[in-house]
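**Q** The primary structure of each chain is shown beneath.
There are 2 protein chains.
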Amino acid sequence: MNRAPLVARKMLQYPFARAYSSGVAAAVASAATSTVDGPHTRPVVKTAIPGPRSKALLEEMGKSLSTSQVAFFTDYEQSCGNYMVDADGNVLLDLLTQIGSLPLGYNHPAVMAAVSSSSALTPLVTRPSLAMFPPSSWPELVQSTLLPLAPRGLSEVTLMMCGTCANENAFKAAFINYMDVKREKPLTPDSEEYSSTMLNQPPGSPKLSILSFMGGFHGRALGTLSCTHSKPIHKLDIPAFDWPVALFPRLQYPLDQFVRENEMEEKRCLAEVEEKMEKAAKAGEPVAAIIIEPIQAEGGDNHASPNFFKGVQSIAKKHGASFIVDEVQTGGGATGITWAHESWGLTEPPDVVTFAKKMIVAGYYTTLDKRPKEGYRIFNTWMGDPIRLVMLKAVAAEIRSKDLLSQFRESGDVLLSGLRELEECYPFLVHRARGQGPFCAIDCHTTNQRDTVISTLRSKGFNLGGCGEVGIRFRPALVFEPSHASLFLNAFEDTLAELSR
Amino acid sequence: MNRAPLVARKMLQYPFARAYSSGVAAAVASAATSTVDGPHTRPVVKTAIPGPRSKALLEEMGKSLSTSQVAFFTDYEQSCGNYMVDADGNVLLDLLTQIGSLPLGYNHPAVMAAVSSSSALTPLVTRPSLAMFPPSSWPELVQSTLLPLAPRGLSEVTLMMCGTCANENAFKAAFINYMDVKREKPLTPDSEEYSSTMLNQPPGSPKLSILSFMGGFHGRALGTLSCTHSKPIHKLDIPAFDWPVALFPRLQYPLDQFVRENEMEEKRCLAEVEEKMEKAAKAGEPVAAIIIEPIQAEGGDNHASPNFFKGVQSIAKKHGASFIVDEVQTGGGATGITWAHESWGLTEPPDVVTFAKKMIVAGYYTTLDKRPKEGYRIFNTWMGDPIRLVMLKAVAAEIRSKDLLSQFRESGDVLLSGLRELEECYPFLVHRARGQGPFCAIDCHTTNQRDTVISTLRSKGFNLGGCGEVGIRFRPALVFEPSHASLFLNAFEDTLAELSR
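These protein sequence lines are chains X and P, in that order.
Numbering that gives the first Met the number 0 numbers the first residue of the first sequence as 0 and each following residue consecutively.
Numbering that gives the first Met the number 0 numbers the first residue of the second sequence as 0 and each following residue consecutively.
I should point out that these hints are in silico values taken from the structure, not numbers from a laboratory.
Quick caveat: nothing in here was measured; it's all calculated off a predicted structure.
Any given hint could be a false lead.
Identical chains blur together in the list; that is why a pair holds if it fits in one copy or across any two.
[Stated by the list, open to error] PhoX-like cross-link-like pairs, simulated, lysine-lysine; straight-line CA separation at most 20 Å:
| id | residue 1 | residue 2 |
| --- | --- | --- |
| 1 | K316 | K401 |
| 2 | K54 | K275 |
| 3 | K317 | K181 |
| 4 | K62 | K372 |
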C-alpha cells in the first residue's frame, strides 16, 4: 500500500492527541458504565479475525452456500449492544451493525421483551397474507407504530419484505400514478391496454422510465438494478432497462469550506437532470419518477445540499414525475433524525419515501391519492411481517423514552470531529471526512489502502465496512454513544500511525 | 349469475349423495377426534362474512393502508390447525391458508414450541446480514434443514426474503451463468463490460431474455413481472422487458380421458417454444432461461404432462438456456410430494428450482457450478431470516414423524374424486376438476358464477380463493385430512344444489 510520509506522523502529536487525552478521556472511561452493551466494555481480541473456528465454519458453509462475502462467523447469543462476539470469542465494537440494519444493536432488552411476550407468538408462527386476511390488531399496530414515524405529509404506507421490493413497488406506484394522470378515458376490460400488457407490449406495458443517479444504489431486482450505479459487479451480465442516468454532484469536503465550488457543481448536475428529462420525453420513454438517496451510501457516501434536492424535486414536478426519496439506508434515525430528507426544508413532501434496514420492516410511505384504485396492482403474498412491526414498536418506544437520537447526534459530532482531526494529521492516508449525525465516511486514496485500514481495524476489534471505491463507512446502531466513538477514534489513530511508519 | 338448469339438480341424487352417506361418513365423524385443530371441529357461522367488526376494522385500516384486497379480519390467536376464526367469531375451515403459505395451518404446537425456546430469541431480534456475518450455527442449520429437503441433484441454496426475489435472483443466476459460458476471455476491471453496464448498455448489460408462458405467474418485481401473464391488472402501466412468451398447453380433463388430444396440444406448444427460442436468438436477444411452474397456479391451475416438461427441458438445454422450475406455489409438499417436478421422472435435475410460501423461507436451489465466482453478484442485506429456518426445521420434522404427506395425498384423493362426482352432477355449474394431491381446482363457466360460489361457501364457513378467470383453487395446509375434505365436499354439494335451484 501507499505509505504516508513521516511528516504526517509528526502532525499527529498536536491536535489529535490533545483532544483524546482531555475531554474525551472521561467519555472513554464512562464506556464501562453503559448498560446497553451488557458484559462488554471494550474490544477483546484473542485470535486473528477470522479465527480458526470461523475458517472451519466457512469450509462447512461452502458445501451448500456461497461464502464469497463472509467476513467472519458470529456468536449472536454472546453479542450485546454495540458489541459483536465472533465464533472465536473475539469481541468487536461494531460500527457496521449488519449493514446498518440493527436499530438498537444486538439483543436489546426492550426488543427481547417485546417478542418474548405470549402475544408475539401467534404473529410469528402464523404469518398472514396481510392484505387479504389482516389480523384484527393490524390497523391499530400500523397506526400506532408506522404513522407516528411517517415523514411529514405522508400517511399512506405499503409494506414489503426487503428494501429492493420497497423500491420496486415504489416504481410501480409511480408508473401507475403517471398513467392514471395521463389516461383520458376509464379503463375497460376489453381495451387494447389489457390485451397488449399480457405480451409485455405498449400501450398496456408503456415505455416509461425512472431517472436515477450515477453512484446510486436502489436494490438488486431487475427494475431497481437498472437504477443502481454504484459498482459494476452488481450489474454485470444482467439485462437492464435503458433508463436515463444523471450525474450526482461530486462535492468537496468540508462542505463549509467549498460553498461556491459545490454550488457550481450542483448547478451543473441539475442542468443535466433537466436535459435528461427532456431527452427521455422526446425519445418516447418519459420519466415517471426520479429516485434519489439523501446520501448515496453504497456508492461512497456522497452528499448534496438541500438546494440540490429541492432542485431535483422541482424538476420532477415540472415534468409530472414522482419524486422518490430512497431512505433505505438513511431512514429510521440513521443520520440522527428520523428521516434524512426532513433536514432539507422542503415546502411539500416527497411523493414517495422508501425504507427498510433500521426500520426493521420494509416498504414505502406516500399519500392517499397515490393508492391504486384497483386491487392486486401492488401486492404480494405477505405484504410485511407482523412480528417485525411488534419489534419496531418496541424500538420506537425505546428511542422516544431514552431520547436516543439526541445522544446519537452527539456521538456523530464526536465521530466526525475526530475524523476531521485525523484527516489533518494523516492527509496521505485519509481525507474527505463527511457525515450527517454518525452516518459518516472517510476516504482513503486507493482501494487497497482502504481495505488495509479496515482489516487492520478489524484485527484490533473494530468492525467496519467500505463504500464506493475508497470509502470507509460508519453505520453504528442508535445506541452508539460518544464514548464508543472515542474508543474507535483512538484505535483509528493507532492504525493510521502504524500504517504511516 | 347463470343458473344451471333443473336437470342438474336431479342428477345430484345419484352418485354424490351415495358416496357421502357411506364410506366418507366415518371420516366426517372422525373430524371431531383430530387434535391438530384444537377446539374447532367444524365451521361455525355467527354473522355475515365479513361481519360488523371486520367492516369497522376495514374502515380503520383504510386510513393508512390499501384495503382493496381485504376479505375479512382474522383473530389469529383463536385460529388453530385448519380453522381460522374471524374478527366476528366465525370459525372457517380454511382451504386457502394464506395463499398456500402455512405448511401446518394455524398455531401448530410443534412450530410454537420451536420458536418459544430461548435459543430462538436471538435469531429473531438480531437478524444478521447472513452472507457477511453468518451465525456460527448457520451452516449446520442450513444443512440439517434445507439440504434434506433439496430436490434430487441440487445441493446449492440461496435464500431471499420472498418468492418474487427468489425468482428475480434465479434469473440473475441464469444470466450470469449464460455469460460465463459465452465469455471468451476473463473479465478485467478496465473492460468495456464494466464501463458500459454502469450506464445499462451492452456489452456489460447484455440483451438477453427469459422465456415464460402465457398464464404463468412468477412475481411482481420488474423482471419477474415481465414473465407473469396471468391477469392484465398485475401488469398494466408497468414497463416490461420485451421477452418471448409461449403458449402453455390448454389440456382437457380428466387427463386420462383425453390422452391423444392433450398430446397433440402439448406437441403444438413445444413447437412454439422451439420457434420462439430461435426467433429470440436471431433477434439478438437470446433466451438465457426458461421459467415454468409445474402447475400454473395463479393463472388458473393449468396442468401439463411430464412429457411436456421433459420437452421444455430438452429445448432449454439445446439452446444453452437454464431450465428454471418455479415451485413457489407447488413446493414444500403442496401437491403431496415435496417437489411437484419430482413426479416427471427427469433424467437430470432442473438447473434451478425456486421456492417460498409453504417452505416459509424463500430462495432457490441449484448446483455448485452455477454459483457466481465473484462476491456481491447475488446478494442482499439479509439473504434470508434465521428464525424462519428454525420454523421450517420444526415443520420438516413434523412432516416426517407423522408421515403427513401420505395422509395429505389421501386427502387429495378424497377431494379430487369428490370434485369429479360433483362436476358430473352439476356440469352447468362446475367442470374441469383437476389436481395433484390436494393441489386441486375446479372451474365455473363465468367469473361471476365463480365469485358467487366462493362467497356462498364463505357464508357457510369455508374459505377458498379463485385462480385464473373462472377457477376455484384449493390450497389447504399439510394437516388437511380426509375428514376435512369430506366436510367441505358436503358444503360444496349444498352450495351447488342451492345455486341450481
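**Q** It remains to establish, for every hint, whether it holds in the given structure.
**A** A quick look at each hint next to the structure:
{"no.": "1", "hint": "K316 to K401", "verdict": "neither (39 Å within a copy, 60 Å between copies)"}
{"no.": "2", "hint": "K54 to K275", "verdict": "neither (49 Å within a copy, 48 Å between copies)"}
{"no.": "3", "hint": "K317 to K181", "verdict": "within (15 Å within a copy, 45 Å between copies)"}
{"no.": "4", "hint": "K62 to K372", "verdict": "between (48 Å within a copy, 14 Å between copies)"}
In summary, the numbered hints that this structure violates are 1 and 2.
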